[in-house]
Amino acid sequence: MIQTLEKIAQRLNLSIDTLERWIRQGRIPVSKTGDMGVFHEAELNKWAARQKKIIPACEDPSGGVCHSPEFILVSAMENGGVHHGITGTDRDSVLQAAVCRVPGLSAVQQDELFQQLLAREQLTSTGIGHGMAIPHPRNPLDKGLKTPMVVTCYLDNSVPFNAIDDLPVSTLFLILSPAVACHLSLLSRLSFCLRDSEFISFVKTRPLADALLACIRTKEAQIEKKGV
Amino acid sequence: MKRFISWRHPARLPFFRLDDRMLLILMGVIVGLCSGLAALGLNTSLVFMLETLHHWRHHWWAFLLPAAGAMLSSLFLEKAMNEGAGHGVPEVIYSVSRYGGLMRFRSSISRLVASCLTIGSGGSAGPEAPVVMSGAAIGSNIAKFFYLNDRQRVTLVGCGSAGAIAAIFNAPLTGIIFTMEIILGEWSMVNIIPIAVAAVSGAEISRLLRGNSIAFDSFGSFNIGSLDLLACLGLALAASMASLILTRMLRRMHHVSAKVKVPLWARAAMGGAAVGLLGFAVPDVLGEGYHAIHAMIQGVFTTGLGIAAIACLAKIVATALTLGWGGSGGIFAPCLVIGSFAGLAYHRLLVFLMPSVTWVNEGCFALLGMAGMISGILQAPLTGIFLILEITGSYEVMLALIIVSALSTTITHYFEPASFYLKDLTERGQLLRPGTDARVLADITIREVIERDCIPVAPGMLLREFLYVVKRSTRNYFPVENPDNGHFMGMVRFDHVRPYIFNTVMYDAVLVEQIMDVDVETVHYDDDLADVLHKMDVTRCYSLPVVSNHRFVGMISKATLLDKYRDELKVQTTQRA
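Note that the protein sequences, when read in sequence, are chains A and B. Numbering-wise (our numbering), the first sequence opens with residue -19 and increments by one. Numbering-wise (our numbering), the second sequence opens with residue 5 and increments by one.
Derived from the structure by calculation, the hints contain no laboratory data.
Ranges between beta-carbon positions, derived for each pair: (1) A:LYS184 / B:GLU525: 51 to 59 angstroms; (2) A:THR127 / B:ARG476: 20 to 28 angstroms; (3) B:LEU17 / A:MET16: 12 to 20 angstroms.
From the three backbone atoms N, C-alpha and C, an ideal C-beta is built for every residue, glycine too.
Could you build all of it, start to finish, from the sequences and the hints given here?
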């Protein structure tokens, strides 16, 4: 089998200098022709096993872990969608209504999600002031969620939410993510946006999906630039 | 793609690619034969020179012969070959451990000619180390010719030295053991078989051309009694004393001759003339001295205690004069001669002190003395034992041989921790045996362990901006670079900033240049990893920046180093089964 030396080094998790030296010293069953390495697949695997070196299988190195890619918030909001006309008179009923708007959940999952959201609210309110709330389950959902999503819900009428500034809440950003790292990243970016009073007043005008996403995109571009 | 494999690339043949043992065995035969031939060539030309020069030995100016020989050999090495004097074994060991056995082609004849001139003219030195060097160079160059890799080349270098020793002594086992114990310093199955094959082919070619004769046949058996065994303890002491004196005197001569401000060839000539003068008084010190050994082993050496002791000392002085002043040759043969003189003198002393006791034949003591001397000087007991067994063919003295060899090695080691061959290497820190810490560190280069994921910052940055960088970084170290020319200015260690990062007042008040360490130890690409680690230990740092041409290139950290170090150690120590 012939591969470039870079590929082999990457595969064995070695630096290319080490690989070249080992080939020169005859410590690895690979021989060199130009900048290509020639080896026998089984023989190399046997060697690696003897060195107790773990060769990661040739797949996406990140595995299932979601490490914040660029514009994760915008894509999550696109996934979740922007929903108008959520009805309800108190916290529980608006949450229930919001859960029904989450795309791609079965009835059982909706119920489970609702219970988790309630449990989280009982801990402390997720109302972060200025009429905004970011309800989310404590643990990432086990099943039924491949990509992170933020479901934006405009409430028909404000409901009391036990928020820190005691103001009734009119907008929910329901955060659902497959992994904790992802959740933190979404949360941090969303809260960065919500610190800006201009953005809050913009959200209170209940913009449509396109306008809201465009605004979020400019915000997130700032974040990317600064590295927040 | 053209699927053509040249005959000069045997390692690329599919059959050898998976398992090169058969290839190494085949090559071992070739190398063994070549180095055996080289050894025989030196032997023959030595005999020729001795016979030619024999007619002139009785002239009054004969002491000039060794001088001329040593001078020519020094001139030849220095001017024609551009190599240093000496026996060459340390060079072989160093090349094996550092450059994968890479040796110059000219090394395969340089020592042969030089030592032939020195010894043939009467200098007190041995032909063995030169043939080891030449055999090793032959092996190395055959490996180079066939484009073999470092590991295979080292094996062939071993094959060369084993073949040479096997051929010159007609002693294949000694060839194997000498190579394993001294040249390679490791016992591994992959190496042993090709080296054994090479040793056998070296011995075979010697038998084919010279006849199968034991070098110093003892004729008749020695009956060793328990008193003789007891006497061996004293003999071991005597042999180790002799080897200590020889080692010390050689070094002293080196120092003395280094102070004489004359060209190297003149220095060698002075040493040679001194040996020649000594040769008038004690003729046995001249040349490799195998003739005297023959006589002693067979018990026909008819001198008294005094003469034997003086001969022993004179040989030590002559050897030190020859080798220490720039002659070329090995220590093996002089050791054998000194050892047998020491054994003989010891025997005479015993007879003198206790005339009523019947001791074993004096030849036996001469033989044991040789073993003690070789083991003491080389600190390689197995080499001593097997060499004496094979060159004398006296298997009945095995027990006494082991006692003397082991004791002599131990006693000498007590005074001289490094053997004659390894002493210079150890002092220069160049003894890198496989699988040792020094070797692992020597093999890994800075380039391989460098980590390049550090984010540089500018000295004018505010703490607030710096914290944004901290957020993005995965590391605790931040190099500060001059924004104008990109030169490295210092490091910011996250540890040092930690107390301030929660104090929001300081965010806009503190600049990066106020929190950076300016006088940081830095490392260069070409530094030795051992030095780098020493620097880390001294400064108690876990990471050091690598700076090349005033620019920051990356970090070296102990954590990553451990990873690479283990990889390297595993690769070096697990053999290809």
